[in-house]
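As a plain string of letters, each chain reads:
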Amino acid sequence: MRKKSFSILEIKKSLKKIEAEATKLKKLTKGIPGVQKNIAPILAFIDILKFHLGDLKDEE
Amino acid sequence: MEKNKYWNPFLETLPRDELVHIEIKRFREVMAFTIKNCPMYRDKFKEVGISPEEIKTLDDIRKVPLTDKEELRRAQECGEPFLYGKTLAADLTELCTLRQTSGTTGRPVYVPDTYRSWQWRVESYAALLYMMGFREIDRVFIPFAYNVYVAFWSGHYAAEKIGCEVIPGGGLDTKGRIEKIREVRATASFNTPTFGLHMAEVAQEMGINPARDLTVRKMVCAGELLSEPTRKRLEELWNADVYNQIGGTETCGWAAMCTEKKDLHVVEPYFLVEFLDPETLSTSVKPGEQGVVVITPLFFRAFPLIRFNTNDLMTLAKGDCPCGRTSLRIEKIIGRIDDLHKIRGVLFSPLSVEEVIRGKFPQILEYEIVVTRPSIMDEIMLRVEMDPTIRKEEFEGLAKSLQQQLKNVTNLRFELQWCKPGELPRYTLKAKRFKDLRS
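Residue numbers (the numbering used here), protein chains in the order written: chain A, 1 to 60; chain B, 61 to 499.
Since the hints were derived computationally from the structure, they do not count as laboratory data.
Do not take every clue at face value.
Reference excerpt, derived from the structure (chain A facing chain B, CB under 10 angstroms, subset only) [as the list claims (entries may be wrong)]:
no.	residue
1	ILE32
2	VAL35
3	LYS37
4	ALA40
5	PRO41
6	LEU43
7	ALA44
8	PHE45
9	ASP47
10	ILE48
11	PHE51
12	HIS52
13	ASP55
Fair warning: this is a prediction, and the values are worked out from it, not measured in the lab.
For each residue, glycine too, the CB sits at the ideal point set by N, CA and C.
If we strip away everything but chain B, and leave its shape as in the complex, we get (with noise of 0.2 angstroms):
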């Protein structure tokens, strides 16, 4: 066994019970925190009337009221100081990082950091890294311009704050990655799913077989949801072990696998993690269960979070890791509440499709789907595009079986259209393979 196996030995073995009591201690102190220096959550706790002195237990905390993005937007927007509003909980002159979300669903939420907060950012990423195997003698590429994205910038300071040689590989297209991998022998990479197995695609066109020319063992996989079947896909295509990692440019990284690779541990006690019931939002849900993730972290101070409602939906997952981590566990990521849809009545995932194809369809190399309602039903449609390779009269009973196998999981029937090599798009951070074109 590794000698060194945990980042602390100490905290990651805690008996749950001990690991709870650190985390109501240090939800005090962050809410206690805000009343005094965050001008949104000291309005919002003045107007619930709830004190940091009464929370004693998980069920105490229940009582907070959550927090979602819109409401970070609007207090952003309204008043000083300019991008931050009233979430800023630092004074000006000490800020040093300035990141942002996308904004794909709306204004974008701006998350500032002081040395100290941002060190907290990196220290928790620097743990998920540890437990996905990271360590010193790992040269890590990025192949990625970070820009004004959370993600990378932690990843890149917590694999230097273990030891790791870190490689940053913005500026270069898609084969100056692959040949700077080539070149430096990169033995670790963090990545996109989607990038990941683009990067494969236009490594073998090169020639090059990442499997057995490239060096890359060890892959984080972010930024977008990662099925099991695709997983198991870039760890073929790569001969590297893949870990899935969550997390948000608001509350960073919080959960990711342990290198038992079954489920994602959640940093504990780093973050305070609520999985809480779909549909009342009030009570925890069991082990085994489905429940919207919320989350507390417990030490950033510049843009303190207090009950942050992801909006994600997440199985909690039962008994023990043989790791020896007594974190919670989740056993699968469903997807964002937004990302479910209705389609003909019935509640569709596209991360569904996602399963069927990479899990039992090698040969389709990309796809996208498209709802449409030319008139009172809604249509659905996949686009597919094959390996080259493929021969025309196998098309038709390959059809046959995908439209089967998407039956059997969504409940809805697809029409299928075939596209040339290379027709649909090739994406490196967030996919947009699902298009709802009803108006």
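Pulled out of the complex, with its shape left as it was, chain A reads as follows (with noise of 0.2 angstroms):
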């Protein structure tokens, strides 16, 4: 398996602050389509950052 040059932690530390302002932002923008349309694709693509990373272990 390949090293990893960064941390993992910290990755994982960074996707939940987004998924959870994004989570965040859908409650508060209730009743603008504009709004809510955009936001769920930005959680679809925090799902598949959480896999592309998420399962990893840290080596630090």
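Quick one: dock chain against chain with the hints and give me the complex.
See below:
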């Protein structure tokens, strides 16, 4: 397996923050379809980002 | 060596035990999700009395019942909502796409997706394309009207995701498509094996040599079984790297060749793929053996599938791939179990004829196998369309050699019938070169 040149822990923290903010934004903007419909893709891609890095163990 | 060879260098080179660990965890998640959200699976698992908490190893997964196409059809026919019935695991208001199977073996299966779920299909296909060497620099021509079939839609969006320029080639005839490839200097293409051969034939009629005059240097072939001789023939005709890729409407693309062009890699851990003993369907086969492929997409949620039996028979590859990926690999695709036919008591796969013809008889442009039973015995006829430049005097020797080689491979005797140039049908998507007229 490749050596990681970054901190998985930091990445996981960052992803968690983005997800929390996007979820919050979704709740705050109920009733504005133009905003809601643009948050949905963000959440979909956060899902995929979590897949790419979420299961890796930090070597540090 | 290329700097970014992998779509995800960590996941693709994980030791197998770690990869399997991730897949078992994701299997539990998708199973729990279906119990909560998908009536078909909720009923099924309740009846069997199995829960996700019991799944800790691959052996535990074998206790979970298989899903087959007929079951999906039945679940869609009964109850609400219209079209999807008990297979739907999302709110109708969240759906954004509808694709379907071709329906050649019965009522089509309708496959819905939410935006989120669709992105997973695109994502896993992007990983496949990246493995086949597709990059930002590629200009990809897709010579089909995609219609309600998923294959080229996921390919289209996946190529866009990688950063390729994508040119949809629907609404043009074959000549128009060849002209468009030349006009835009497309560097890559998606194809079916049959249409790839047909396009090369038409290009030559137009005075265009695809290998010399066109710029397509990468081609993905899907939609039909691609024999190794046909793949090599396509490579010669197009002067391109031709990659075999497999998938289905229900599962999406789930395996493809890497740039080594030897075996097909399962795109793990997007999918959990099992190769099961064809007799029992209860134990895994060993590398080098043939198994029935059973697939669980681990991230599709709108139309989830747990242990979907593809009915495809494939040989699991041995050893490692020089590309460094640790995913399971397929050495050979034998075919769909339903496509194996008993003729005079012998199990026959039409792919064996394809391998002989495309591998050893480049003079044969098109062919068709017709099986009849005029009295007690089955008769098998091979209708053959030759390259018009071949002289009639050469036919006899060629017929003898062809019959002998077919006999060696299939253990069956074929009658031959010569057809006029252009007499046999040309296909674009699913070729129907085997006709069983036995009543």
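- prompt: Which of the stated hints cannot be reconciled with the structure, identified by number in ascending sequence?
  reply: 1, 2
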